[in-house]
Amino acid sequence: MSDLLATISFNAEGYMTDPKQWTREIADVLAKGEGIDALTAEHWKIIDFCRQTGLATGKSPTLRQITNGTGVSTKDLFALFPKGPAKKVAKIAGLGKPEGCV
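Per the working numbering, the sequence shown starts with residue 4, numbered consecutively.
It cannot be assumed that every hint is accurate.
What the hints assert, rightly or not - Computed list of lysine-lysine pairs in DSSO-like fashion (alpha-carbon distance at most 30 Å, straight line):
| # | residue 1 | residue 2 |
| --- | --- | --- |
| 1 | K23 | K90 |
| 2 | K48 | K62 |
| 3 | K86 | K100 |
| 4 | K23 | K62 |
| 5 | K90 | K35 |
| 6 | K35 | K62 |
| 7 | K48 | K100 |
To be verified - Label pairs and their computed distance ranges (CB to CB):
| # | residue 1 | residue 2 | range |
| --- | --- | --- | --- |
| 8 | A9 | K78 | 18 to 24 Å |
| 9 | A9 | A82 | 28 to 34 Å |
| 10 | S12 | K35 | 30 to 36 Å |
| 11 | A9 | S76 | 16 to 22 Å |
| 12 | F81 | E16 | 19 to 25 Å |
| 13 | R67 | L8 | 29 to 35 Å |
| 14 | A15 | D79 | 27 to 33 Å |
| 15 | F81 | L8 | 23 to 29 Å |
| 16 | L8 | S76 | 17 to 23 Å |
| 17 | F13 | T60 | 18 to 24 Å |
| 18 | S12 | N71 | 18 to 24 Å |
| 19 | L8 | G74 | 30 to 36 Å |
| 20 | D21 | A82 | 28 to 34 Å |
Bear in mind the hints are in silico, worked out from the structure with no lab data behind them. From the three backbone atoms N, C-alpha and C, an ideal C-beta is built for every residue, glycine too.
Given these sequences and hints, build the entire structure.
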């Protein structure tokens, strides 16, 4: 991974352990690691919502909370963050694993 991630601590599943270390630059690197080449405005809308919600509640939002809070459909979430959008966006947003995700 990038030198940018060298000082960041992650748990065994690849989630950041301290959300305060997160930056948009780190998100770009993490997204590439998740197979997303470039973050678009639509990605950022979802990431920003998840960060605001996660930092306010201490928990990563669920898929339903993301769709309700952003107005983005489940289908579109899967297109933006393939193969597990709630988990992927939580990783990219520097948050913990969402409850209920295996």
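Cross-check of the supplied hints:
1. In summary, the hint linking K23 to K90 is supported, as the alpha carbons are separated by about 18 Å, within the 30 Å threshold.
2. Of the pairs offered as hints, the one joining K48 and K62 holds, with about 18 Å between alpha carbons and a cut-off of 30 Å not exceeded.
3. Proposed proximity of K86 and K100 is supported: the alpha carbons are some 14 Å apart, at most 30 Å.
4. For the suggested pair K23 and K62, the alpha carbons sit about 14 Å apart, so the restraint of at most 30 Å is met.
5. Restraint check: the Cα-Cα separation between K90 and K35 comes to about 15 Å, which is no more than 30 Å; the hinted pair holds.
6. Restraint check for K35 and K62: the C-alpha separation of about 24 Å stays at or below 30 Å, so the hint holds.
7. Taking the CA atoms of K48 and K100, the gap is near 19 Å; set against the 30 Å cutoff, the hint holds.
8. In this structure, A9 and K78 break the distance hint of 18 to 24 Å, their C-beta atoms being roughly 37 Å apart.
9. Restraint check, A9 to A82: a C-beta distance of roughly 32 Å satisfies the suggested window 28 to 34 Å.
10. In this structure the supplied range 30 to 36 Å is violated for S12 paired with K35, their Cβ-Cβ distance being about 19 Å.
11. Taking 16 to 22 Å as the suggested C-beta distance range, the pair A9 and S76 does not conform, at roughly 37 Å.
12. Hint check: F81 to E16, Cβ distance near 20 Å, so the stated range 19 to 25 Å holds.
13. The hinted window of 29 to 35 Å between R67 and L8 holds, with their beta carbons roughly 30 Å apart.
14. Taken as a hint, the range 27 to 33 Å holds for the pair A15 and D79, whose Cβ atoms sit roughly 30 Å apart.
15. Between F81 and L8 the Cβ separation comes to about 26 Å, which falls inside the hinted range of 23 to 29 Å.
16. Roughly 31 Å separates the CB atoms of L8 and S76, a value that falls outside the hinted 17 to 23 Å.
17. At about 21 Å, the CB distance of F13 to T60 agrees with the hint of 18 to 24 Å.
18. Remark: the range hint 18 to 24 Å for S12 to N71 is contradicted by a beta-carbon distance near 31 Å.
19. Separated by about 31 Å at the C-beta atoms, L8 and G74 satisfy the suggested range of 30 to 36 Å.
20. Checked against the hint of 28 to 34 Å, the C-beta distance between D21 and A82 comes to roughly 30 Å, which is consistent with it.
Checked against the numbered hints listed earlier, the structure breaks hints 8, 10, 11, 16, 18; every other hint is satisfied.
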